[in-house]
Amino acid sequence: MSDQDLAGIAARALADVRGAASLADLERARVAHLGRRSPLAAALAGIGGLPPERRGEVGKAANAARREIEAALAARQEELEAEELGAALERDVTDVTLPGDPYPLGALHPITQIRQEMEEIFLGLGYRIADGPEVETDWHTFTALNTPEGHPARSPSDTFFLEGRTDRLLRTQTSTVQVRVMETSAPPIYVIAPGFVYRRDDVDATHSPMFQQMEGLAVDEGLTMAHLKGTMLHFARELIGADREIRLQPHFFPFTEPSVDVQVSWTDRHGREGWLELGGAGMVDPAVLRFGGIDPERHTGFAFGWGLDRMAMVRYGVPDLRLFYENDLRFLEQFA
Amino acid sequence: MRLPLSWLREHVDPGLPPEELAERLSATGTLVEAIHHLGVPATNGNLDAFRVGRVVAAEPHPNADRLRLCRVDLGAGEPRQIVCGAPNVAAGQTVAVALPGAVLPGADAPLRAARLRGAESDGMILSAAELRLGEDAGGIMVLDEAAAPGTPLAEVLPLSETVLELEITSNRPDCLGVWGLAREVHAVTGAPLRPLDESDPPALGDGDVSDHAALEVRDPDLCPRYMARVLTDVRVGPSPAWLRARLEAAGMRAISNVVDVTNYVMLLTGQPLHAFDLDRLAGGRVVVRRAREGEPIVTLDGVERRLEPWMLAICDAERPAVIAGVFGAEFAEVGEGTTRVLLEAATFDGPTTLDASLALGLRTESSGRFEKGLPPELPPRAMSIACRMLVELAGAPLVRDVRAFDRYAGEQVGEGRVSLALRLTLADPGRTLTDEEIETAVDAVRAALEARGARPRG
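Chains A and B, in that order, are what the protein sequence lines are. Per the working numbering, the very first residue in the first sequence carries number 1; after that it's consecutive. Per the working numbering, the very first residue in the second sequence carries number 1001; after that it's consecutive.
Calculated directly from the structure, the hints in this document are not laboratory data. Please note that the accuracy of each hint is not assured.
[As the list claims (entries may be wrong)] The calculated label-pair distances, taken between Cβ atoms and stated as ranges, are: (1) E1365(B) - P209(A): 25 to 35 angstroms; (2) E1167(B) - H234(A): 50 to 60 angstroms; (3) P209(A) - E1437(B): 22 to 32 angstroms; (4) A1148(B) - W275(A): 45 to 55 angstroms; (5) T1169(B) - P133(A): 24 to 34 angstroms; (6) A1107(B) - G317(A): 35 to 45 angstroms; (7) R168(A) - T1339(B): 49 to 59 angstroms; (8) H270(A) - T1169(B): 24 to 34 angstroms; (9) E1365(B) - P133(A): 33 to 43 angstroms.
Just so we're clear, the structure is a prediction, and the values are computed from it rather than from any experiment. We put the beta carbon where it would ideally sit given N, CA and C, even for glycine.
In isolation and in its complexed conformation, chain A is listed as follows (with noise of 0.2 angstroms):
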């Protein structure tokens, strides 16, 4: 080995590194040149085979060739990676003119919509909100609302219970919140009662094992009919329009004796007049008053339930509830 021979294999070396067009060219050049099997590392692993006097003098020219060798790759490696900053910033030049990136801002949904609105006529009444659990119990769900057991309407087949339980289920309707109501609180009582309900039926256009509806329940002393008919006139005023009129068409439930179909004058699309049934009402049957707690030979209530969802297919022309719950957002967003 000579200084020749070192000086020729730094001088490649060199070449080569400062020749490297890429960071992928560099590194090939070091694995050549600083690798376990390249010409330097040969010459250094020869030192051992030469005679003494020589070694320190090859050694030192050896080494001095490596480091020669490592500053050049570190100085042609800061020079390439400069490079490539900089191409990358030519490549990438941001246009700040650029519209920027959407960000989608959230709305209500129409039910909630219409609730808030319904909310508000009543609160504007003087009535509360009130609240109850979704899973309730058979007492609060029939017994108080005046369906004994072997009542059609306690079946299994129109109401979800909880496995294994015949005392514990999804409320069929928010009246259960009237019990609730009538067992913590005394007259006068003014509420209102919105929330998710419950029913075994098959998902069609105007059916759906979940739905909203919205209770409200008046206790006082002396009231009468004449109240009733007078808070659903102004509701639906409110609601739906100053020239409406409603008419009260007799019914049944369980809970209210006598009972009401509540129904609003309505022209259609098309101008055809006609009603529209908004909800049931009537004056709270005596029995469930006792049941609540509260004394019917002094107090009279009376009592009212809407479908939000219905509202909400009335007000806005919908024809299928189901468009209300499958959250495509091409229609959600006509509401915003």
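Using the hints provided, position chain B relative to the given structure of chain A.
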């Protein structure tokens, strides 16, 4: 509930157009969901174009093998020539005829006089199917000879019917019958109510009831009342056209005179009835008892079902013949060979009937009524009406001692007394009702009660 208006008018005739009657009923809590017009359109005097005719002559058509040239007497004027393709047409028959101008059920245009294979045809001799009175389209309908030629056909056949489809709320099982609805119409319109004839027919059958059958009610807690009667020498056959037309208008299928009478009386009174072939009941016994665990019954739909011990069954000496109030077994049903009929009118526990019908997946006209709870005062009335009809339509003598099989577990109610909470009555409408208004309303109810034979007091 489907209410055929011709049936209603037998008991109360409010003299109102259907739309107005529907409006009045809806306004008082009996919601009319739809008005259906069945059969021959009854507007614009169309019914006048349907007449009774007598075939004077039926000759072969000169140009067609299957057609006949008929000359038909229609009362006034010369007999008309009508071409008829029915295989059964023959001289001497009394037939149903549509004159030119008549609009047939389902037709877009009126019938016109026509020339068929070169022969004038001045009208049409009708089949039952063409009048929507049955499914027989294979030949013309041959009428009873008693009908004179020229008589409006509507006087002889139930040509046209208007049916109100009503939503009956669950607190009004009394309105699941034509009679209950007649009372409702009476109360709403003030039109007079004609009393129901609830008299028994004369009992002319052989022997006493106990010679024919034995009755045992083991579980009266689920069966407050059980009545049974026996009719002998029953001739099972098709019901007359008017009865079939009424059942079908009310939404039920006509089957045979005996079964049709039980259905007819149920639709009239709201009380379901059941007819057994007495000769098929082992030991001639009727045992009302809870079923045994897993006891099998092959119901009329041919399905074998397993009963549970809480279900009530009407059994013979060996096995269940009916799931009480729900559905019968094949083996004890009245069929063509039946001659002795045991007729049941009973009251079954509502919740048990409901649970059984749900557990077995069988909702029937009968279970839908029992599940709402029927009064035990109803069976004797339905029983008398049904027996009279069976005597009349199936030539069946009723066996003596008609009261022998009447097990009434509860205390008999007898006279009713209803108190009116005047305070609530006045308070609820939010205005003061006058005494006259209250009396008028109460009188309507009282009249209804008197008409059914009860004597209200106070």
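Here's how the hints hold up against the structure:
1. E1365(B) and P209(A) have their C-beta atoms about 28 angstroms apart, which keeps the hinted 25 to 35 angstroms range intact.
2. Checked against the given bound of 50 to 60 angstroms, the beta carbons of E1167(B) and H234(A), roughly 29 angstroms apart, lie outside it.
3. The hinted range of 22 to 32 angstroms is not satisfied by P209(A) and E1437(B), whose Cβ atoms lie roughly 45 angstroms apart.
4. The beta-carbon spacing between A1148(B) and W275(A), approximately 50 angstroms, falls within the hinted interval of 45 to 55 angstroms.
5. Taking the beta carbon of each, T1169(B) and P133(A) are about 29 angstroms apart, inside 24 to 34 angstroms as hinted.
6. Taking the beta carbon of each, A1107(B) and G317(A) are about 38 angstroms apart, inside 35 to 45 angstroms as hinted.
7. Roughly 56 angstroms separates the CB atoms of R168(A) and T1339(B), a value that falls within the hinted 49 to 59 angstroms.
8. Hint check: H270(A) to T1169(B), Cβ distance near 31 angstroms, so the stated range 24 to 34 angstroms holds.
9. Separated by about 39 angstroms at the C-beta atoms, E1365(B) and P133(A) satisfy the suggested range of 33 to 43 angstroms.
Hint check: violations occur at hints 2, 3; the rest are consistent with the structure.
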